[in-house]
Amino acid sequence: MKKTCSRYRSEDISRFVDNELSQARYHELAKHLRDCPDCRSLVEKYKNLTVMFNDHAGHTGLKIDPAALKQNLVITTQSSPKKILGNIYLKLASIAAILIISLFWFQGGMFRSTGPSAIVTSVDTDFSSVMIIETQKKKHTIIWFSET
Amino acid sequence: MNKIESNSDAINEQDLVKRLQKGQEWSFNVLVNKYQDRLLKIAYGVTLDREESLEIVQDVFISAFKNIKTFRQDASLATWLRKITINQCLNWKRKWKRRFKWHHDPIESENDKNLFKESKKDNDPETLYRKKQFEENLMTAIKKLPEKIRLVFVLNAFEGLSYEEIAKTLNIKKGTVSSRLYSARKNLINSLEMKD
Chain D
1 MKKTCSRYRS
11 EDISRFVDNE
21 LSQARYHELA
31 KHLRDCPDCR
41 SLVEKYKNLT
51 VMFNDHAGHT
61 GLKIDPAALK
71 QNLVITTQSS
81 PKKILGNIYL
91 KLASIAAILI
101 ISLFWFQGGM
111 FRSTGPSAIV
121 TSVDTDFSSV
131 MIIETQKKKH
141 TIIWFSET
Chain L
149 MNKIESNSDA
159 INEQDLVKRL
169 QKGQEWSFNV
179 LVNKYQDRLL
189 KIAYGVTLDR
199 EESLEIVQDV
209 FISAFKNIKT
219 FRQDASLATW
229 LRKITINQCL
239 NWKRKWKRRF
249 KWHHDPIESE
259 NDKNLFKESK
269 KDNDPETLYR
279 KKQFEENLMT
289 AIKKLPEKIR
299 LVFVLNAFEG
309 LSYEEIAKTL
319 NIKKGTVSSR
329 LYSARKNLIN
339 SLEMKD
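As you go down the protein sequences, you meet chains D and L in turn.
Number 123 in our numbering belongs to position 123 of the first sequence; there are no gaps in the numbering.
Number 187 in our numbering belongs to position 39 of the second sequence; there are no gaps in the numbering.
Hints may contain errors.
Said to hold, decoys possible - Keeping only pairs whose Cα atoms sit at most 27 angstroms apart, straight-line, the calculated DSS-like set for lysine-lysine is:
id, chain 1, residue 1, chain 2, residue 2
1, D, K70, L, K322
2, L, K316, L, K217
3, L, K279, D, K47
4, L, K321, D, K47
5, L, K214, L, K231
6, D, K47, L, K322
7, L, K321, L, K279
8, L, K322, D, K63
9, D, K91, L, K231
10, L, K334, D, K47
11, L, K231, L, K279
Said to hold, decoys possible - Now the in silico label distances, taken between C-beta atoms and shown as ranges:
id, chain 1, residue 1, chain 2, residue 2, range
12, D, E44, L, R220, 39 to 45 angstroms
13, D, V74, L, M342, 48 to 54 angstroms
14, L, D197, D, A93, 39 to 45 angstroms
15, L, K217, D, Y26, 17 to 23 angstroms
None of these hints come from the bench; they were simulated from the model.
We put the CB at the ideal spot given by N, CA and C, even for glycine.
Model the full assembly from the supplied sequences, consistent with the hints where possible.
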């Protein structure tokens, strides 16, 4: 980058172009530009970079059709409830699995054999039935009553 | 832009946001038509790829429409959309960096002398040809800029943001914005003058 003027740094010129110098410094540099072709040329170069880049990017011919994009939007929003439902089913299945495991855990069903070991005694009448059952290991008594 | 125009824009924007939040379909057309040009420019400036920038901005609009209820209007709609676009562009870059090493195909120029100087005869074939060559060389030089520097340059050149606004958008210091912009200009001019 050819710049022979040593009064202002190129970075100051860059900030001048962006109007980011203090007001006093800005006016000082603006005054200097009238007499300094080097700095003036650099200002022009910096400004031209922006103009050319802007011009190029503004002529890419890119265009989005809102109607076509809306179709995409409809498709994605239509597919999303399935996804949400899928998630709900997954959550429900997880909760159910946790509940079943917990139930087994509290009842000791995971580690012990389920069901009675033997029917100790049973009484059947015309109106009801009573059955006394004993569990296998801990010998807990279960009384089962049924009205007929 | 004067104050009255600015206020009326803000009112229109508030109205547009309300309608988008209500899910009114035509408001989506308004959103796309109003902001697509500036967002496409930003996306193109960062990616330097036409197809990708088109896809990115389409995703930005879909994402904005879906998440409009989360838009709290602390900043303007344009600022919000710009932020989404930048994030999408950076994600795109990261995605592609993983797949390929970023490369460029230099376009050789025969004569770029005095192209910084504006010609009064803008329409003559020679000037047009040189302008085209200069533009191609500029884009080649822009491709060579590191992503961080290019992003600052894009926001300055296309959006006309102040150093403070760029700093806020990218979460960097104001001094960093200044040095990155200077670095962008210095590198671009060096690259272009090397071709003289």
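Verification of the supplied hints:
1. K70/D - K322/L: Answer violated: K70/D to K322/L is near 39 angstroms, above 27 angstroms.
2. K316/L - K217/L: With Cα atoms ~23 angstroms apart, K316/L and K217/L stay inside 27 angstroms; holds.
3. K279/L - K47/D: holds, 15 angstroms
4. K321/L - K47/D: With a Cα-Cα distance of about 23 angstroms, the restraint between K321/L and K47/D holds, given a limit of 27 angstroms.
5. K214/L - K231/L: Since the Cα atoms of K214/L and K231/L sit roughly 16 angstroms apart, the hinted pair holds (cutoff 27 angstroms).
6. K47/D - K322/L: Holds. K47/D to K322/L sits at ~21 angstroms (cutoff 27 angstroms).
7. K321/L - K279/L: violated, 35 angstroms
8. K322/L - K63/D: Status violated; Cα separation ~34 angstroms.
9. K91/D - K231/L: Not satisfied, since the Cα-Cα distance of roughly 34 angstroms exceeds 27 angstroms.
10. K334/L - K47/D: holds, 12 angstroms
11. K231/L - K279/L: Distance of about 32 angstroms is beyond 27 angstroms: violated.
12. E44/D - R220/L: 39 to 45 angstroms: Hint holds: Cβ distance 43 angstroms, inside 39 to 45 angstroms.
13. V74/D - M342/L: 48 to 54 angstroms: About 52 angstroms separates the Cβ atoms of V74/D and M342/L, which means 48 to 54 angstroms holds.
14. D197/L - A93/D: 39 to 45 angstroms: holds, 43 angstroms
15. K217/L - Y26/D: 17 to 23 angstroms: Since K217/L and Y26/D have Cβ atoms about 44 angstroms apart, the given range 17 to 23 angstroms is violated.
Violation of the numbered hints given earlier is confined to hints 1, 7, 8, 9, 11 and 15; the remaining hints are satisfied by the structure.
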